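There are 2 protein chains.
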Amino acid sequence: MFRNLKRFIIGKPLKTLEASDQALSKSKALALLSSDALSSVAYGTESITAVLLAGGAAALWLQLPIACLILVLLAAIVLSYRQIIHAYPNGGGAYTVASQNWGANVGLVAGGSLLVDYMLTVAVSASAAADAITAAIPSLLHFAVPMSIVIILILTSMNLRGLRESANFLMVPVYFFIVVMAVTVAYGVYQAATGAIPYHAAARIGTDFSGLSLIFFLRAFSSGSSSLTGVEAISNAVPNFKAPKEKHAASTLTMMAIILASFFFGITFLSYWDGIRPNASSTVLSQIASITYGGHGFGFYMVQLATTLILAVAANTGFSAFPVLAVNLAKDKYLPHLFMDRGDRLGYSNGILSLSIGAIILTVIFHGSTDNLIPLYAVGVFVPFTLSQSGMIIHWYRNRPKFWLGKATINFVGAFMSAALVLVLFFTRFSHVWPYVFIMPADLTVFFKIKKHYTAVSKQLRLQYLNNPKQKQEPYAGSTAIVLVSNLTQVTAEAINYAESVATKVIAMHVSFDIRPEKEAKIAAQFAENFPDVRYVDVHSSYRSIVKPIIGFVTKVSNQSKKTNHSVTVVIPQFVPKKSWQNILHNQSSLRLRTALSGLDNISISTYYYHLSE
Amino acid sequence: MFRNLKRFIIGKPLKTLEASDQALSKSKALALLSSDALSSVAYGTESITAVLLAGGAAALWLQLPIACLILVLLAAIVLSYRQIIHAYPNGGGAYTVASQNWGANVGLVAGGSLLVDYMLTVAVSASAAADAITAAIPSLLHFAVPMSIVIILILTSMNLRGLRESANFLMVPVYFFIVVMAVTVAYGVYQAATGAIPYHAAARIGTDFSGLSLIFFLRAFSSGSSSLTGVEAISNAVPNFKAPKEKHAASTLTMMAIILASFFFGITFLSYWDGIRPNASSTVLSQIASITYGGHGFGFYMVQLATTLILAVAANTGFSAFPVLAVNLAKDKYLPHLFMDRGDRLGYSNGILSLSIGAIILTVIFHGSTDNLIPLYAVGVFVPFTLSQSGMIIHWYRNRPKFWLGKATINFVGAFMSAALVLVLFFTRFSHVWPYVFIMPADLTVFFKIKKHYTAVSKQLRLQYLNNPKQKQEPYAGSTAIVLVSNLTQVTAEAINYAESVATKVIAMHVSFDIRPEKEAKIAAQFAENFPDVRYVDVHSSYRSIVKPIIGFVTKVSNQSKKTNHSVTVVIPQFVPKKSWQNILHNQSSLRLRTALSGLDNISISTYYYHLSE
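Protein sequences, first through last, are from chains L and Z.
The numbering of the first sequence is the UniProt record's numbering, which starts it at 1 and goes up by one.
The numbering of the second sequence is the UniProt record's numbering, which starts it at 1 and goes up by one.
Hints in this document: simulated from the structure, not taken from any laboratory.
In this text, all values refer to a predicted model and were calculated from it rather than measured experimentally.
Some hints could be false.
[What the hints assert, rightly or not] Here are the simulated lysine-lysine pairs, DSS-like style, with alpha carbons at most 25 Å apart:
#1 K578(L) - K459(Z)
#2 K26(L) - K245(L)
#3 K556(Z) - K505(Z)
#4 K331(Z) - K579(L)
#5 K579(L) - K459(Z)
#6 K331(L) - K245(L)
Start from the sequences, fold in the hints, and give me the full structure.
Right, here's the structure in full:
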């Protein structure tokens with residue numbers, strides 16, 4: 001039944017070699033990987049103006065220079081990531097670049113930041129989408145958190161079904177958003193140019209005002225930087241692209257950056273031109289839509305719908321990026337190997353499920369409140385940005401290709417601005433950013449513990465006699481089997497027959513209890529009559545558990561066998577009912593026994609299965 | 001850690017022979033087994049007057065004849081159960097008596113009714129106790145259901161610790177209730193006799209009124225019969241008493257019946273004398289207390305506190321009776337054997353836990369509302385009463401001891417009245433009683449399925465050659481071992497060494513995947529070099545699962561081995577990390593494999609454990 005449910009949700013298994021069919025074309029990749037970045041225009045301009053408004057309406061003109069600065073940062077990041085895509089065609093983004101240039105530990109800081117960040121991406125986007133829905137349908141207000149969780153679950157199942165199908169699904173809302181926003185921005189700018197919408201700015205560019213200071217400017221700038229979250233997704237996912245992977249990935253990145261830049265600057269310009277001030281009941285974007293289309297008509301609702309949909313889809317970026325990053329960390333033995341297993345539909349199911357669980361927990365803990373999470377989210381993004389771009393400077397210096405100084409300069413600008421942003425966020429937003437100080441060391445501790453364990457294991461598993469032929473194990477001189485016997489049944493008889501075929505010495509061991517002495521004597525007598533040549537050992541127990549006496553006896557036999565160089569096998573006779581529900585009707589001590597026995601050295605545990613036919 | 005938690009909650013394990021120490025003295029048994037019956041005086045009189053009031057205040061005098069009739073029923077039931085205790089000293093109550101006299105199927109109807117009824121006892125009493133607390137502390141009103149669940153959980157852990165300790169705990173509230181009620185009833189009657197409280201009855205005995213009809217009378221009578229629930233608990237628990245068990249149990253039952261009868265009749269008399277009418281805000285009992293003690297003083301609050309406490313304790317009756325009944329059903333193979341297992345503290349832990357879970361589910365489903373559950377509860381009690389008492393008539397007729405006709409007459413009266421009560425409940429309360437019509441067939445179906453399975457299993461497990469020596473299995477001519485190999489490691493090498501000690505023919509089987517052809521070739525070459533005399537079989541898989549190809553190969557080998565009369569062992573090499581959390585870092589396919597392989601015929605599965613030291 002579980003299998004059928006899984007088939008229904010996930011679809012039928014795919015062969016391993018069908019994997020390449022799942023590779024992404026550019027247009028699908030744009031839909032799948034850019035929604036996070038594009039959707040951030042819904043709140044980027046707004047977060048700048050919200051900070052500026054604290055300095056009075058006269059400060060609002062600053063949004064234009066800040067937007068220009070953010071575009072410079074965007075250009076630096078995009079150029080840098082284009083260079084990364086070509087230099088590291090196997091993906092991995094910030095983690096790979098930082099590891100290979102700065103060293104493994106710095107790479108782990110980048111990787112750890114991003115892992116948590118992708119969970120935040122999913123949680124924040126799903127919550128924002130749910131908020132958008134409840135804003136449209138106020139009666140759903142109390143169901144915001146369950147709705148976020150449903151969105152996450154739908155995305156989880158789509159991703160478990162495989163990338164290609166998800167992309168087909170997701171292309172519609174992303175391209176719908178692109179078309180709607182392009183029309184809105186173009187129509188708005190056209191009306192501004194023709195004077196159809198008059199100049200309404202709160203203050204002319206260059207107006208002086210009392211609160212103007214560097215800190216104030218930086219605070220507004222750092223808030224606006226949230227528009228750039230999600231830009232790194234494409235460079236992490238290069239291996240998912242159709243060949244030639246690097247070329248397709250790089251041009252997808254450029255395309256996305258151009259769209260993002262024009263939307264972001266267009267919206268900020270219109271926000272300045274129309275003199276818009278954000279307030280609690282309506283967003284900057286909805287005010288622009290309202291002014292551009294002259295009220296709450298068809299155009300206005302299209303903008304709201306498109307925003308809602310792309311936020312839901314933005315949550316999907318995490319689902320594309322997280323599993324690939326987890327695979328890279330697992331390959332380097334910093335995360336459990338299970339993240340490298342492909343599921344039935346060739347997705348990295350364990351990564352998808354971990355992300356989903358993490359995002360749901362974050363959503364529940366923060367009750368779907370996005371505002372307080374965004375600064376933390378930005379730190380988590382710009383730390384890896386800084387590390388990967390500074391890493392690229394080292395890369396250029398080491399390889400010194402043509403124009404390496406120019407390339408290094410691009411990366412330096414990006415690294416410098418990203419680092420400055422992180423510092424600004426820590427100084428001006430510490431009350432929201434502090435969890436980073438605890439999450440990062442915890443992440444690193446886990447990574448190092450896992451690495452240490454895998455290294456120790458692989459050392460111990462190496463064939464010892466390859467280095468030292470004297471250590472080659474002697475063949476056993478014989479084998480001892482201990483058959484655990486509770487009653488004399490057909491199962492016991494067959495298990496003893498089996499044990500005699502594999503062992504040179506067979507012992508039948510029975511645990512007897514205080515409460516039924518006559519029965520114990522009868523079993524012993526029956527056994528002696530039927531198996532006169534097998535040694536029957538009765539171990540007495542004052543408690544009800546059979547585990548302790550068995551462990552004690554097996555340990556004794558095992559010590560004796562070392563002297564005679566015998567291998568030791570514990571044979572557990574077990575009958576298998578015809579239907580699995582019937583297992584509840586029978587003693588399940590065999591599992592407990594096996595767990596306890598697996599702690600003993602140099603023991604094999606053999607289960608003899610007897611199948612009931614009725 | 002789990003072990004320590006368990007020790008803390010349950011206590012250290014007891015030896016099997018310490019069991020007899022846990023037997024009950026009469027005074028402890030009275031506390032442990034009578035709280036259910038005694039606590040029902042808190043609502044018995046009230047449910048009669050509530051029905052009578054529908055016929056007008058003039059009908060209230062009927063509570064006196066109804067109370068007399070209920071006392072006759074109580075006397076018949078108690079005399080009958082005294083006879084049962086002596087006739088069936090091993091306990092089992094209605095289930096045993098009905099099975100042995102009417103036959104197994106009728107016994108199962110009684111047993112099935114009681115199992116569900118004990119869950120209702122726990123749920124109803126815990127809910128009523130929680131209601132009593134919230135009535136005292138209205139701010140807890142929203143936590144009634146969680147509080148009921150906490151009460152059930154506390155009782156569960158006390159019962160897992162063992163009977164004796166529970167009884168010490170529970171004696172205080174039961175004897176407190178007995179003292180408080182005895183004082184209240186005696187003081188109330190004394191004041192009525194001396195005229196300190198004047199005669200206030202709503203109508204004199206014998207007053208005629210318009211709605212007087214047989215149906216009306218029966219409805220009130222059947223409601224009052226809820227006072228008699230819980231009387232059967234003692235006869236089910238005879239084996240828990242100190243020797244001489246029958247004598248102690250019988251006198252405990254009589255003692256309890258006398259206390260119950262005097263409280264019930266005293267309360268009903270005072271209710272009539274004081275002319276009390278039940279209403280939504282105060283119970284009959286609280287009104288009597290208020291009148292007797294002249295307002296809401298010390299006496300009044302003592303009565304309320306005692307009522308609250310005994311209701312909490314009443315829930316414990318189910319915990320004493322359910323596990324013993326489950327053991328009896330399990331001994332007869334109608335319930336899983338696991339109900340016969342004694343836990344660390346010698347309680348029947350599985351019965352205790354099943355009851356606890358069932359009661360919690362009922363509490364949650366019915367939001368702790370007791371009123372609608374009581375008619376169903378009464379049917380569940382009086383069906384087994386009817387069956388056991390009519391069974392006793394058969395018993396007397398079969399054995400014909402001295403005075404058997406008199407004894408049979410007592411049982412006939414009890415059986416007739418119980419049966420009449422069930423019919424009345426079905427006719428006048430069908431809207432609350434209908435679930436019984438579905439629960440009972442479902443119970444019986446489960447019982448019969450389990451019985452059929454156990455019978456089939458024991459037939460199949462019987463040594464076949466005892467009846468037919470020709471069927472004695474031939475000894476195996478040799479043994480084949482298949483070692484599953486993923487990589488060439490120290491574990492693999494030792495597992496093959498082990499396999500060579502137990503098998504005459506060793507095959508190493510490897511599953512290869514499409515994605516890494518070079519690696520596959522390398523493993524094969526390494527293997528051939530290191531184990532030139534072991535056959536290495538490479539099975540190719542187009543999917544990621546190793547289970548299917550392994551099943552296919554093992555089936556093939558197993559079929560070949562039948563011809564050569566070899567036993568077949570599948571050896572799974574597995575390394576055991578030093579700490580158990582490290583298991584998550586390694587592939588857990590061995591468990592899945594073992595489950596899949598256990599479906600094959602004539603296969604033993606042997607796990608070779610290699611212990612890592614770091």
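Against the structure, the hints come out as follows:
no. : hint              : result
1   : K578(L) - K459(Z) : 14 Å, holds
2   : K26(L) - K245(L)  : 10 Å, holds
3   : K556(Z) - K505(Z) : 15 Å, holds
4   : K331(Z) - K579(L) : 22 Å, holds
5   : K579(L) - K459(Z) : 17 Å, holds
6   : K331(L) - K245(L) : 21 Å, holds
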